[in-house]
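Trainee: Based on the provided sequences and hints, a complete structural model is requested.
2 protein chains.
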Amino acid sequence: MAKFAKRIAYMQSTADVIRYLFEAMTDPDIISFGGGAPAKEALPVELVHEIANEVLTRDQRGVQALQYGNPIGIPDLRQAVIDQLLTPKGVKADLKNVMIVAGGMESMNLISQLYLEPGDVVLVESPTFVQSIQIFKMFEAQCIACETDDNGFVIEDLEAKIKQYHPKMIYVIPTFQNPSGRTTSLERRKAIAELGSQYDIVVLEDDPYCEMRYSGEVLPPIKYFDETGHTIFANSLSKIFAPGTRLGYIYADEPIIRKLYEVKTATNSHTNVLTQILCAEFFKRGLYEPHLKMIRDIHRERRDVMMECIKTMFPNETKFIYPDGGLFTWVELPEHVDTTLMLENAKQHKVAYMPGKEFFVEGQPIKNNCMRISFGGVAPDRIEAGMKRLADVVRLYL
Amino acid sequence: MAKFAKRIAYMQSTADVIRYLFEAMTDPDIISFGGGAPAKEALPVELVHEIANEVLTRDQRGVQALQYGNPIGIPDLRQAVIDQLLTPKGVKADLKNVMIVAGGMESMNLISQLYLEPGDVVLVESPTFVQSIQIFKMFEAQCIACETDDNGFVIEDLEAKIKQYHPKMIYVIPTFQNPSGRTTSLERRKAIAELGSQYDIVVLEDDPYCEMRYSGEVLPPIKYFDETGHTIFANSLSKIFAPGTRLGYIYADEPIIRKLYEVKTATNSHTNVLTQILCAEFFKRGLYEPHLKMIRDIHRERRDVMMECIKTMFPNETKFIYPDGGLFTWVELPEHVDTTLMLENAKQHKVAYMPGKEFFVEGQPIKNNCMRISFGGVAPDRIEAGMKRLADVVRLYL
Numbered sequence: 001m002a003k004f005a006k007r008i009a010y011m012q013s014t015a016d017v018i019r020y021l022f023e024a025m026t027d028p029d030i031i032s033f034g035g036g037a038p039a040k041e042a043l044p045v046e047l048v049h050e051i052a053n054e055v056l057t058r059d060q061r062g063v064q065a066l067q068y069g070n071p072i073g074i075p076d077l078r079q080a081v082i083d084q085l086l087t088p089k090g091v092k093a094d095l096k097n098v099m100i101v102a103g104g105m106e107s108m109n110l111i112s113q114l115y116l117e118p119g120d121v122v123l124v125e126s127p128t129f130v131q132s133i134q135i136f137k138m139f140e141a142q143c144i145a146c147e148t149d150d151n152g153f154v155i156e157d158l159e160a161k162i163k164q165y166h167p168k169m170i171y172v173i174p175t176f177q178n179p180s181g182r183t184t185s186l187e188r189r190k191a192i193a194e195l196g197s198q199y200d201i202v203v204l205e206d207d208p209y210c211e212m213r214y215s216g217e218v219l220p221p222i223k224y225f226d227e228t229g230h231t232i233f234a235n236s237l238s239k240i241f242a243p244g245t246r247l248g249y250i251y252a253d254e255p256i257i258r259k260l261y262e263v264k265t266a267t268n269s270h271t272n273v274l275t276q277i278l279c280a281e282f283f284k285r286g287l288y289e290p291h292l293k294m295i296r297d298i299h300r301e302r303r304d305v306m307m308e309c310i311k312t313m314f315p316n317e318t319k320f321i322y323p324d325g326g327l328f329t330w331v332e333l334p335e336h337v338d339t340t341l342m343l344e345n346a347k348q349h350k351v352a353y354m355p356g357k358e359f360f361v362e363g364q365p366i367k368n369n370c371m372r373i374s375f376g377g378v379a380p381d382r383i384e385a386g387m388k389r390l391a392d393v394v395r396l397y398l
Numbered sequence: 001m002a003k004f005a006k007r008i009a010y011m012q013s014t015a016d017v018i019r020y021l022f023e024a025m026t027d028p029d030i031i032s033f034g035g036g037a038p039a040k041e042a043l044p045v046e047l048v049h050e051i052a053n054e055v056l057t058r059d060q061r062g063v064q065a066l067q068y069g070n071p072i073g074i075p076d077l078r079q080a081v082i083d084q085l086l087t088p089k090g091v092k093a094d095l096k097n098v099m100i101v102a103g104g105m106e107s108m109n110l111i112s113q114l115y116l117e118p119g120d121v122v123l124v125e126s127p128t129f130v131q132s133i134q135i136f137k138m139f140e141a142q143c144i145a146c147e148t149d150d151n152g153f154v155i156e157d158l159e160a161k162i163k164q165y166h167p168k169m170i171y172v173i174p175t176f177q178n179p180s181g182r183t184t185s186l187e188r189r190k191a192i193a194e195l196g197s198q199y200d201i202v203v204l205e206d207d208p209y210c211e212m213r214y215s216g217e218v219l220p221p222i223k224y225f226d227e228t229g230h231t232i233f234a235n236s237l238s239k240i241f242a243p244g245t246r247l248g249y250i251y252a253d254e255p256i257i258r259k260l261y262e263v264k265t266a267t268n269s270h271t272n273v274l275t276q277i278l279c280a281e282f283f284k285r286g287l288y289e290p291h292l293k294m295i296r297d298i299h300r301e302r303r304d305v306m307m308e309c310i311k312t313m314f315p316n317e318t319k320f321i322y323p324d325g326g327l328f329t330w331v332e333l334p335e336h337v338d339t340t341l342m343l344e345n346a347k348q349h350k351v352a353y354m355p356g357k358e359f360f361v362e363g364q365p366i367k368n369n370c371m372r373i374s375f376g377g378v379a380p381d382r383i384e385a386g387m388k389r390l391a392d393v394v395r396l397y398l
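Chains as they are written, first to last, in the working numbering: chain A, 1 to 398; chain B, 1 to 398.
Think of the hints as simulated: they come from the structure by calculation, not from any bench.
Incorrect hints may appear among the rest.
Simulated DEER-style distance windows between Cβ atoms [said to hold, decoys possible]:
no.	chain 1	residue 1	chain 2	residue 2	range
1	A	Leu-398	B	Met-1	47 to 55 angstroms
2	A	Asp-392	B	Asp-200	35 to 43 angstroms
3	A	Thr-340	B	Tyr-165	55 to 63 angstroms
4	A	Glu-140	B	Asp-304	31 to 39 angstroms
Pairs of lysine-lysine residues, derived as DSS-like cross-links and limited to a Cα-Cα distance of at most 25 angstroms, are as follows [as the list claims (entries may be wrong)]:
no.	chain 1	residue 1	chain 2	residue 2
5	B	Lys-319	B	Lys-284
6	A	Lys-3	B	Lys-96
7	B	Lys-92	A	Lys-6
If you want the footprint, here are the derived chain B segments under chain A, 3+ residues with CB under 8 angstroms [stated by the list, open to error]:
no.	segment
8	60-74
9	180-188
10	232-245
11	281-295
12	320-334
The structure presented is a predicted model; accordingly, all values stated were derived computationally and were not measured.
Note that CB positions come from ideal geometry on N, CA and C, so glycine has one too.
Mentor: Have a look at this one:
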């Protein structure tokens with residue numbers, strides 16, 4: 001067997017956990033708080049059925065849906081993104097600034113492909129999203145973890161690391177962050193955009209949860225404060241439409257989109273047209289707003305149940321974050337508890353979570369006593385049952 | 001604006017032509033032989049409509065279709081690929097050997113990501129498919145063009161270049177090659193597999209057209225002759241199902257699939273589930289075989305019309321290839337005719353083709369007098385009209 005490229009070796013550490021969590025998702029006996037899936041009850045099955053039934057005919061858009069498309073995406077969906085997702089955020093975009101991609105994560109791949117050379121430094125929040133770290137590592141970048149607190153990146157530390165490492169990119173999940181559930185404050189959003197401009201650094205703003213807000217005040221994206229084009233706003237349609245349709249978008253200055261067009265072409269030609277059309281119609285028919293309300297109601301309830309479970313079932317010394325939206329909370333157990341080792345025991349108790357260790361950059365300060373637990377994919381009564389199992393497991397380690 | 005990675009500069013040359021051809025596809029006045037699209041009449045709009053209507057409900061597979069999936073693809077579709085596409089080719093596969101990807105081209109990206117270091121050599125047919133060259137260049141590989149004749153790679157030249165360049169990969173489109181329409185002979189298929197094994201080289205077999213055979217004898221893939229796992233078989237479901245659904249598959253030894261799982265995860269998480277389910281049902285319901293017959297009938301007629309047009313309308317000194325299948329023929333005009341320059345004139349005559357130059361590796365022997373013309377996406381009467389326009393343009397240059 002021929003030798004793999006050396007970038008592949010950088011990626012190995014987390015694959016087993018991710019694989020396990022994918023498997024846990026398909027075992028009905030396991031109550032999994034491990035994945036990042038939204039509630040299945042929030043998936044627009046009936047709406048997609050109705051739209052598919054109408055558009056999938058030769059006189060409608062059936063031929064377009066099944067034929068080759070354009071690497072930048074169909075105009076209808078890009079326009080819907082502008083009108084219904086970007087404009088309400090206070091940012092001005094036109095069709096030349098928006099590209100459709102095959103799911104939220106593809107943006108990190110395409111933008112890494114566009115910018116990263118081996119050895120380039122990417123500054124990341126600590127903790128941050130494991131799959132993004134995997135992507136940056138695949139491109140042989142060096143991820144440097146920066147300090148965070150309840151308001152996101154600690155700006156003094158971020159600027160100090162900029163001066164020390166001369167990074168190519170800052171990667172940030174500003175709203176209901178994965179894994180912590182934290183939100184970057186308004187002042188810090190502005191500061192991050194300005195640091196990108198000042199030091200000529202790409203700010204990759206990954207904001208898949210921003211629409212899933214259940215409490216607190218709406219904040220503009222970092223991109224809103226960007227005056228030089230250094231910030232690239234990447235988003236997913238998975239949470240507000242449907243993960244299985246693999247749709248996301250990038251909003252950036254035109255010269256960047258033009259180059260991403262080439263990178264996308266050399267990645268997989270274009271995003272699937274059928275689901276682009278279904279999603280465009282979903283927006284055009286005014287279905288998004290009432291659907292979003294329903295999504296928020298379902299997940300707000302789940303968040304509330306999970307928060308209550310942590311308070312009432314978990315040991316007093318447990319620290320946790322109360323998220324204003326999204327799908328996750330972050331639980332910190334007493335320091336001696338290793339949540340990676342605990343996972344084996346959790347499996348036996350038929351409950352799964354994501355060990356916190358996976359969200360830290362290897363070789364840098366790691367907290368072994370944390371876990372990400374997601375309330376998105378589990379019904380309220382199952383959250384209670386699963387949290388009881390998990391609390392039982394935790395107690396074994398105290 | 002921050003600086004792009006240097007790999008991006010390697011990719012610039014063909015983007016304008018590809019962009020132009022995408023645009024030509026959407027202008028109804030232009031008869032375009034430039035793209036690689038199959039006949040719109042061959043797209044299974046009604047079948048997909050019927051299947052979507054049945055599966056997109058909560059009690060059926062609607063929830064699965066819209067929820068996150070597995071990076072390797074859904075078992076149903078992988079099994080259908082094994083039973084209905086691989087087994088008939090004489091190759092033995094099980095689920096561990098097959099991965100679903102987001103369209104045929106994504107395989108080239110994922111496999112490049114898995115194997116190619118900057119500076120690695122990829123041996124390619126000359127001419128070969130422009131988009132694959134773009135991908136290899138994005139990974140900073142050096143593409144070395146090898147001699148071909150009517151039976152594919154000239155094996156003596158291929159082996160000489162192996163000894164000279166110590167390549168990492170051989171890239172080959174064995175059946176109804178893009179752009180030439182040529183098919184690699186049985187003996188050479190065996191020889192290429194053996195060269196891969198002997199010299200420890202990845203043989204990337206890209207075979208998207210193999211099912212679209214209109215005449216001549218069926219040949220086994222190169223992978224059939226592979227005894228060491230060096231050959232990776234990549235295929236598209238675009239031509240036999242629908243390009244817009246972005247589906248393809250990779251068939252390889254298990255250790256390779258396991259690594260591709262990680263690369264796919266770090267590219268776009270997984271392929272869209274909705275269209276995987278639609279396509280799996282298409283196969284499971286026995287719809288593939290009659291549909292394939294229809295596809296072949298439609299494209300055989302178009303091939304025949306185009307061949308007749310070349311013979312009767314084009315100058316006598318025109319050389320061309322008679323393809324036994326696929327979507328393309330390759331036309332060689334008198335040596336002084338530059339088909340890239342001629343494209344400007346063709347635009348004015350409202351006809352498009354792909355200049356042959358785009359299919360040669362830059363800095364290596366190029367033929368400026370060739371063009372790829374596709375009969376796939378154009379109805380027979382439009383083929384006649386378009387070929388008449390094109391013959392008029394050609395005559396201006398004689």
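Trainee: Take the hints in turn and mark each one as holding or not.
Mentor: Hints versus structure:
1. Taking 47 to 55 angstroms as the suggested C-beta distance range, the pair Leu-398/A and Met-1/B conforms, at roughly 53 angstroms.
2. Checked against the hint of 35 to 43 angstroms, the C-beta distance between Asp-392/A and Asp-200/B comes to roughly 53 angstroms, which is inconsistent with it.
3. Taken as a hint, the range 55 to 63 angstroms is violated for the pair Thr-340/A and Tyr-165/B, whose Cβ atoms sit roughly 45 angstroms apart.
4. The hinted range of 31 to 39 angstroms is not satisfied by Glu-140/A and Asp-304/B, whose Cβ atoms lie roughly 51 angstroms apart.
5. For the hint pairing Lys-319/B with Lys-284/B, the CA-to-CA distance comes to about 43 angstroms; that exceeds 25 angstroms, so the pair is violated.
6. Straight-line distance between C-alpha atoms of Lys-3/A and Lys-96/B comes to about 20 angstroms, which keeps the hinted pair within the 25 angstroms bound.
7. Pair hint Lys-92/B plus Lys-6/A does not hold up; C-alpha atoms about 30 angstroms apart against a cutoff of 25 angstroms.
8. For the segment 60-74 of chain B, the assignment as covered by chain A holds, since 10 residues bring a beta-carbon within under 8 angstroms of that chain's beta-carbons and 3 suffice.
9. For the segment 180-188 of chain B, the stated coverage by chain A is violated: 0 residues have a C-beta nearer than 8 angstroms to a C-beta of that chain, whereas at least 3 were required.
10. With 5 residues bearing a CB less than 8 angstroms from a CB of chain A, the segment 232-245 of chain B meets the requirement of three and the coverage assertion stands.
11. Closer than 8 angstroms: that is the beta-carbon criterion, and the segment 281-295 of chain B has 0 residues meeting it against chain A, so the requirement of 3 is violated.
12. Only when three residues or more bring their CB closer than 8 angstroms to a CB of chain A does the claim for the segment 320-334 of chain B stand; here the count is 0, and the claim is violated.
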